[in-house]
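Chains A and B supply the protein sequences, listed in that same order. Residue numbers for the first sequence follow this note's numbering, beginning at -17 and rising by one. Residue numbers for the second sequence follow this note's numbering, beginning at 580 and rising by one.
Treat the hints as calculated values from the structure; they're not laboratory data. A couple of the hints might just be wrong.
[Unchecked claim] Per the computed footprint, the stretches of chain B lying under chain A, defined by three or more beta-carbons under 8 Å from a beta-carbon of chain A, are:
(1) 593 to 605
(2) 620 to 634
(3) 653 to 664
[Said to hold, decoys possible] Simulated restraints, written as ranges between beta carbons of each label pair:
(4) B/658 - A/140: 18 to 26 Å
(5) A/25 - B/662: 45 to 53 Å
(6) B/684 - A/-13: 28 to 36 Å
(7) A/-9 - B/616: 20 to 28 Å
(8) B/678 - A/56: 36 to 44 Å
(9) A/26 - B/646: 44 to 52 Å
(10) A/19 - B/641: 51 to 59 Å
From the three backbone atoms N, C-alpha and C, an ideal C-beta is built for every residue, glycine too.
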Amino acid sequence: MAAVGTIVWLSSELMFFAGLFSIYFTLRATRPDVWAEETAKLNVPFATINTLILVISSVWCQLGVFKAEQGIPSRTGKLFDLKRWGMREWYVLTYLFGGVFVAGQVLEYAELTHENVALNTDAYSSAFYMTTGFHGIHVIGGLVAFLLIIGRSFTTRQYTHRHATGAIVTSYYWHFVDVVWIALFATIYILK
Amino acid sequence: MKVSSGLFLAGVIAFTPVAIIYGFWSNAVDGRPEPVGVVCLALLAVMSGMIGVYIRATGKRLDVSPSDVPDGDIDQAAGDYGFFSPYSWWPLPLGLAALMLFLGLAIGWWVFVVGAIFGIVALVGWAFEYFTGDFA
Chain A
-17 MAAVGTIVWL
-7 SSELMFFAGL
3 FSIYFTLRAT
13 RPDVWAEETA
23 KLNVPFATIN
33 TLILVISSVW
43 CQLGVFKAEQ
53 GIPSRTGKLF
63 DLKRWGMREW
73 YVLTYLFGGV
83 FVAGQVLEYA
93 ELTHENVALN
103 TDAYSSAFYM
113 TTGFHGIHVI
123 GGLVAFLLII
133 GRSFTTRQYT
143 HRHATGAIVT
153 SYYWHFVDVV
163 WIALFATIYI
173 LK
Chain B
580 MKVSSGLFLA
590 GVIAFTPVAI
600 IYGFWSNAVD
610 GRPEPVGVVC
620 LALLAVMSGM
630 IGVYIRATGK
640 RLDVSPSDVP
650 DGDIDQAAGD
660 YGFFSPYSWW
670 PLPLGLAALM
680 LFLGLAIGWW
690 VFVVGAIFGI
700 VALVGWAFEY
710 FTGDFA
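With the sequences and hints as input, model every part of the structure.
As structure tokens, this is what we get:
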């Protein structure tokens, strides 16, 4: 039931991002001249690597989910024995990759601000920071959720179905945020 | 679950052509497709699709639900649906913390920091409510 509820909530999140995409496309259609000038300042190779990091983090997250479904909360072997890793190790790895993504976003914001693209510069910069910023807040929210799920796995002696459900629905959220970023990346960096 | 997933999947059939027609129609009127409607109608189709597909997948894992049986009764749906908290105080402090966070954006960052500290305590309290004490 918690899983179905999460999907229904994520569908409403989808419509939230639909609004942001609409803002972006409307402004882009209204002021193509501003878009032509400002999109030239984007660092596409850097954003591509950052995107790859987020996509790979989704893979680690899914490997953690498989372990959660098998009821394995933590590693049963040595630290670098990847096959024996449990949900916790994979989620920590996901967390690190997600953290690197957010750090990359911050670095990109700093570079763009240096080139005089700030939140209040023009229609393009507002649309850029609104869309990527709200996505960034979602990623940070996901990182907090990972911390809570990892923390929960320490609380009880037995890893129960309720623990696994929490881990699985968090992965749904993470995959959703990942897919939204792929759409945002295609819109902002490829389509321009 | 078949009926409920069908209801949501009908949304895909309804909204996909509407989005396409809207795009071509607005293009014919204005000379360019109007983006807000195209994006939102297309994502409406995706929204109903993701719920429909997930409910369908969930239904396959579970036994036949009484809502799919023509002569099924409501009381046949009784049983264990999962774990639900009877009540919890934690959403109240979490809501107040969220209030302080937004107030902080308007007044000053120190209010935001106070709200963040309260928020962390409330969030951890809520997330761990049924994983500590008697539940551990």
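Verification of the supplied hints:
1. 593 to 605: violated (count 0)
2. 620 to 634: n = 9 at 8 Å, threshold three: holds.
3. 653 to 664: holds (count 3)
4. B/658 - A/140: 18 to 26 Å: holds (24 Å)
5. A/25 - B/662: 45 to 53 Å: For residue 662 of chain B against residue 25 of chain A, whose Cβ atoms are near 47 Å apart, the range 45 to 53 Å holds.
6. B/684 - A/-13: 28 to 36 Å: Holds: the Cβ-Cβ distance is about 29 Å, inside 28 to 36 Å.
7. A/-9 - B/616: 20 to 28 Å: holds (25 Å)
8. B/678 - A/56: 36 to 44 Å: holds (37 Å)
9. A/26 - B/646: 44 to 52 Å: holds (50 Å)
10. A/19 - B/641: 51 to 59 Å: The hinted range 51 to 59 Å holds for residue 19 of chain A and residue 641 of chain B, with Cβ atoms some 55 Å apart.
Going through the hint list in order, the structure does not satisfy hint 1, though it satisfies all others.
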